[in-house]
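*Asks:* Each chain, letter by letter, is given below.
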Amino acid sequence: MDALPESVDAVAEGLRAAGYLPGGSTALVAYLATRLHKPVLVEGPAGVGKTELAKAMATYLGRELVRLQCYEGLDEAKALYEWNYRKQLLRIQAEADGAGWSEVQDDIFGEEFLLARPLLQAISATAPVVLLIDEIDKTDQEFEAMLLELLSDFQITIPELGRIAASSQPVVLLTSNNSRELTEALKRRCLYLWLDYPTLEHELAIVRLHAPLLPDTVARKLVEVVAMVRELDLKKPPSIAESIDWARALLLLGASDIDAATFNETMSVIVKHRTDIELVAERVGLALA
Amino acid sequence: MSIDEQLLQLGDELRAEGVAIGTSELLDSVAVLAELDWRDRATFKQGLAATLAKSPEDRRVFDLVFERFFFRAAEGAAIEAGVVEAGGVGANADAAQQIDLEQLRAQIAEALAEGDEGRMQDLARLALAAIGRASEGSGVVGIDVQRIRRALGLRSDPQPDYPPGDPRREGLPRDALRRFEAMLRRELERAQIERTQALPPSRPLGDLDRALPSGPAADLAAVHRVVAQLRRRLATHGVERRGSHRHDHVDIRRTMRASLQTGGVPVVVKYRPRRPRRPEIYVLCDVSTSVTSASVFFLSVLHALHDSFRRMRSFVFIERISEVTDTFARERSFKAISDAIASDAGVADVSGYTDYGRVWSEFRSLVEDDLHPRATVIVLGDARTNGRDPRADIFATIAARAGRTFWLNPEPRLYWNYGDSVIDAYTPYCTAFECWTTHQLEDFVKALTGSRS
Numbered sequence: 001m002d003a004l005p006e007s008v009d010a011v012a013e014g015l016r017a018a019g020y021l022p023g024g025s026t027a028l029v030a031y032l033a034t035r036l037h038k039p040v041l042v043e044g045p046a047g048v049g050k051t052e053l054a055k056a057m058a059t060y061l062g063r064e065l066v067r068l069q070c071y072e073g074l075d076e077a078k079a080l081y082e083w084n085y086r087k088q089l090l091r092i093q094a095e096a097d098g099a100g101w102s103e104v105q106d107d108i109f110g111e112e113f114l115l116a117r118p119l120l121q122a123i124s125a126t127a128p129v130v131l132l133i134d135e136i137d138k139t140d141q142e143f144e145a146m147l148l149e150l151l152s153d154f155q156i157t158i159p160e161l162g163r164i165a166a167s168s169q170p171v172v173l174l175t176s177n178n179s180r181e182l183t184e185a186l187k188r189r190c191l192y193l194w195l196d197y198p199t200l201e202h203e204l205a206i207v208r209l210h211a212p213l214l215p216d217t218v219a220r221k222l223v224e225v226v227a228m229v230r231e232l233d234l235k236k237p238p239s240i241a242e243s244i245d246w247a248r249a250l251l252l253l254g255a256s257d258i259d260a261a262t263f264n265e266t267m268s269v270i271v272k273h274r275t276d277i278e279l280v281a282e283r284v285g286l287a288l289a
Numbered sequence: 001m002s003i004d005e006q007l008l009q010l011g012d013e014l015r016a017e018g019v020a021i022g023t024s025e026l027l028d029s030v031a032v033l034a035e036l037d038w039r040d041r042a043t044f045k046q047g048l049a050a051t052l053a054k055s056p057e058d059r060r061v062f063d064l065v066f067e068r069f070f071f072r073a074a075e076g077a078a079i080e081a082g083v084v085e086a087g088g089v090g091a092n093a094d095a096a097q098q099i100d101l102e103q104l105r106a107q108i109a110e111a112l113a114e115g116d117e118g119r120m121q122d123l124a125r126l127a128l129a130a131i132g133r134a135s136e137g138s139g140v141v142g143i144d145v146q147r148i149r150r151a152l153g154l155r156s157d158p159q160p161d162y163p164p165g166d167p168r169r170e171g172l173p174r175d176a177l178r179r180f181e182a183m184l185r186r187e188l189e190r191a192q193i194e195r196t197q198a199l200p201p202s203r204p205l206g207d208l209d210r211a212l213p214s215g216p217a218a219d220l221a222a223v224h225r226v227v228a229q230l231r232r233r234l235a236t237h238g239v240e241r242r243g244s245h246r247h248d249h250v251d252i253r254r255t256m257r258a259s260l261q262t263g264g265v266p267v268v269v270k271y272r273p274r275r276p277r278r279p280e281i282y283v284l285c286d287v288s289t290s291v292t293s294a295s296v297f298f299l300s301v302l303h304a305l306h307d308s309f310r311r312m313r314s315f316v317f318i319e320r321i322s323e324v325t326d327t328f329a330r331e332r333s334f335k336a337i338s339d340a341i342a343s344d345a346g347v348a349d350v351s352g353y354t355d356y357g358r359v360w361s362e363f364r365s366l367v368e369d370d371l372h373p374r375a376t377v378i379v380l381g382d383a384r385t386n387g388r389d390p391r392a393d394i395f396a397t398i399a400a401r402a403g404r405t406f407w408l409n410p411e412p413r414l415y416w417n418y419g420d421s422v423i424d425a426y427t428p429y430c431t432a433f434e435c436w437t438t439h440q441l442e443d444f445v446k447a448l449t450g451s452r453s
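Taken in order, these protein sequences are the chains called A and B.
Take the first sequence: its letters are residues 1 to 289, numbered as in the working numbering.
Take the second sequence: its letters are residues 1 to 453, numbered as in the working numbering.
Isolated chain B (complex conformation) (with noise of 0.2 Å):
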């Protein structure tokens, strides 16, 4: 197969996981190599990553499907040509038997700690001869390779019983532990093909492979941005104008005063000018324990918007509801924040199961006289009634009196509706989106300032 297929296919399989690549970006990646001296791997893969993968997220997808694509086109071919590796893994059962299993140890362990990729690779081949042989594999890939693992002794949390010098009395570095497996891996599905002459079917990457590594500070500050580029495009983007404001207003004094440049004619009328409207939010956020995993990222939403919005209150609920907005006022730190609301907020009762009927009614009657239709209402939740009464009708008057109302929903939305999530009794009153990560939070940005434009 020649050169520019094999980049046709590497550039469908980009597509089939998601990064965006045209024709031109596959031309591109054509005359990238006619420049190079492509014959280095890394050249090569750098080169093509220049043109084909535009984003940290994106490169990450092409790294794991480069990978994936040339080791499956090699393989592909080495059948075809009937290649069988000498010494290969299932070449010689008797030479295994005379590897120092002990020294063999000591030597991934030191390999793993100087990172030293060639050899770590070397000596991944040499294990799995040694272990691989011993026991009959699992067949399954990943339990192979963890046992091998075990076999080996390689762990990242120190052990203090190795003399003072060995790398495993400190614990191996994570991550050349890591890349030791996915060699492993790579060596075990080697092997495998050459046993059945056949490639495997490809897996489609999962979310977890794709997921770029953060931690929650950054996750927070992500968090932030997207709240910024929230308020920037309230205030640029205007607001609609509803009943007698939508027309412009004579103002009488000023335009008097420009006509006595015409000598008393109002040539030139003047308006007042449009004052921007101040977006009035409430924010409601369910912090019960089915939505655990979820608190955190709307807790951080909560804090990003109160960072951004003064005329704002915000609310968490379980079964009762409680106003948080001074917490917010009072501390800064995202982490005093969630402990003041998780130890005083007193908003769960007796069971600890969200009561949505009880929080519409408790909400109604403590914001009723200051809901009017400048106000926005948001509501993060997972809309898990528990079995209860889901009081719709409550929640109708509220969203009738509010200008605006959005449901921001933490679950995919495959699982709405199903067991005791009733989204779709309070979907008539609002707009529900899907909300877990900041890409999704970006897209309801963009639905809620967009749609008017």
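The shape of chain A in the complex, shown without the other chains (with noise of 0.2 Å):
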């Protein structure tokens, strides 16, 4: 599917088609996205799907998914291109002799030697992709600086080619856990989505979605005691993976309800940190007890 949406409620039902529930304005500004051919940046706190939005977006486009995670030290070697210095050596050795200096020279740097990364690969790629490059904030202030002409232009400078123009407009998504400011040279490029935790009837319909052969009844408790867990003042609250992978915990235990028994021996599942595991068992425990 080439076409692009035809409308925010669109977006939205193709999302949910793929196995995502857009919340709040995230159709509204995936759709945006698909029509100004603006990469979008994407925040919130650790789990609340933004990795799993650009997988959604792809399949609902039915395009691939480039993904280019960043690390610290991330360099554009392992991002951009490379040159295959080893290819190049053999095709200088086996034209040896005979060859003038010029035509090797014009040769070995051309495509054919280009080893090309994610991101030289998003926009070279004749189909159009959908390219995530994940937690951006990892990554130092030079590399953001280098995304700048992709993320404006869409083209790539490679000194010995020249410029690399986009063959296909791809559909951007940079992910931030927010551990770092970004500059504000990348920010201005980018729209701006900011995920929450979702809403009770939100993170409801989620869970129901990933594990749908857990009981009703059991469910929404479920939601209900994550948003207490949530309320209270920990260091890493529960996310919306967590809910769902506590969903699938109590499925696979067969449980029928969440009783304090229950919640204390599958707590740690949503809750992570000793201190926190305390906190949560006092308050929580008491609370369903």
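Just so you know, the hints here were simulated from the structure itself, not pulled from any lab data.
Glycine included, each C-beta is placed from N, C-alpha and C at the ideal position.
Hints are all accurate, no fakes.
Below are the DSSO-like pairs computed for lysine-lysine, each with C-alpha atoms no more than 30 Å apart in a straight line:
{"#": "1", "chain 1": "A", "residue 1": "55", "chain 2": "A", "residue 2": "236"}
{"#": "2", "chain 1": "B", "residue 1": "446", "chain 2": "A", "residue 2": "78"}
{"#": "3", "chain 1": "B", "residue 1": "446", "chain 2": "A", "residue 2": "235"}
{"#": "4", "chain 1": "A", "residue 1": "236", "chain 2": "B", "residue 2": "335"}
{"#": "5", "chain 1": "A", "residue 1": "236", "chain 2": "A", "residue 2": "221"}
Covered by chain A, per the in silico footprint, the following chain B stretches (three or more residues, Cβ under 8 Å):
{"#": "6", "stretch": "25-31"}
{"#": "7", "stretch": "36-46"}
{"#": "8", "stretch": "50-58"}
Derived CB-CB ranges, DEER-like:
{"#": "9", "chain 1": "B", "residue 1": "166", "chain 2": "A", "residue 2": "216", "range": "23 to 31 Å"}
{"#": "10", "chain 1": "A", "residue 1": "73", "chain 2": "B", "residue 2": "248", "range": "20 to 28 Å"}
{"#": "11", "chain 1": "B", "residue 1": "31", "chain 2": "A", "residue 2": "277", "range": "42 to 50 Å"}
Take the two lone chains and join them into the complex the hints point to.
*Replies:* See the structure below:
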């Protein structure tokens, strides 16, 4: 499917069909991203479905997902492109006699000798793709600066080759856990989407979608307890991913109700710090008893 | 006024509240509106938010400014066009008499418990008509809102007098109550504008409005994040080199070995690897009553620093000084540490007021032999001496022995040197920073590690 979506509702519908329940302004921003060809910066606490959104977008649009996972020390050789040095050497040796310098030089800096890394792959693909740049806040500011050309003009400049412009318009999603303030220059080029913990009803729908066999009463109780736990002052409040894990765990255990005993046994699925566990056991355990 | 002009004005107001908005953002917002069917208020707002507000803090300010701006714009247009709402607040006092107050109270409580936005809006207008008229308002919106709320008997704490099933028995949800108050406030403002036929001057947002809600553990986590960043910066940026260390040292052994390849001629000179300097940190933290509000923040900074640096000694002080390095090494949880420090640090002597002069001399005698130019001294305190001698001369000798000295002051710069604050006596010997939020802590980290690169 190459056509662009028609309306916000169409996007919401499509994402739902791909197994992602968009909440709030998610569908709206996703729609704008496809229409305006602007990258989207998705921020929010860990585990609220930032990466999932990109996957769902790819499924919905019928495009390939190209993913670049960022980490400290990521450089352009791993993100953009690299010269295939071994192949270049072989080429030179094969041509050892006869060929002139300039011919060989022209030759070995051709696209044939280029190793495309995710970013180059994304813009040189013939069919449009969804490009996910995950956890951009983990990289250094220098890397961000390097991305700017790609994000605003969808092109990459390789000194030996010149400019490579995108042959198709990718949908670009950047995610960040807000562990560092991103530069203004990067933010300016993006649409902004803040994903937060969902409302009770919304989360219930998500849990039902991912654990359809879980009894309704348990599912409702589960999201209520998770909401209660998030209210507490914790180091790391449970995310949607953790509610889903918990739902699956309860399903496996065949629980028919969440009482104090079940909660204490399975609590470690949603709370993962020692101090948090103590606090949660004290407050929520009492409320359930 | 056309929509473009309105957008530009909205952009101006956001800028005035400190949201960084460039021309490109405004262009984007216009482009976004071209793509959307924005007759729906929520769509309109979300579309603008996606282009204009690019962080959670900005989003919060945006929400507030958006409400304020379009409320004022609509009211301004209404005055110009001479629109007066029929059935508005001023309209019919007689009809107001007929509203059954008891029933209204129950209805409002029900709407609040359900969180029904539209019904709350209607009931807010009704309540204003019923109660706002009964006695003339005080003219101050905030007081009127509270008066009406009390008259309606809306409280968030449980009221067991009501029969079971009544939402008021359990207490009303706090955030719904807050929303309802905001609606009352808006209706009151609307009525005032209608009466006076003029817009009141717009009020800038206070710090309290714009602050994101958070709890102590979340704050602690934020401090830890900033300090982790500090450690990473210190590790990757390298440190200033002094004296003979500025030059590389030739590694004779490795140079000779390398020279074997060139027939004994040392063509390639090998240097000794540079060893990164391990920072050694001394932190002094004021825990007296004048910094009570800040000392939780300071203790969490200390806690986070201890997580990151091994060669660190920490001290707390009021009148005397006491080393608490062991407490931090022994206890892991923040609560246990603050309890331990509160109970047995033994830093208060007679008066319980900070005595900087005594603290400096005790600190000097404690660590005099250990201080060296590679050490960093960080003081967390408000420099309020309670009229005692600041003894800046002792502080100067400490600063001279240590490599670097920083002062983090939990008071806004405005209050420095005001009253008994004597921070100026110390600033010649150290670099002072204003520091009472994690943002400012981040600024300190930047200044600490960025200035040398």
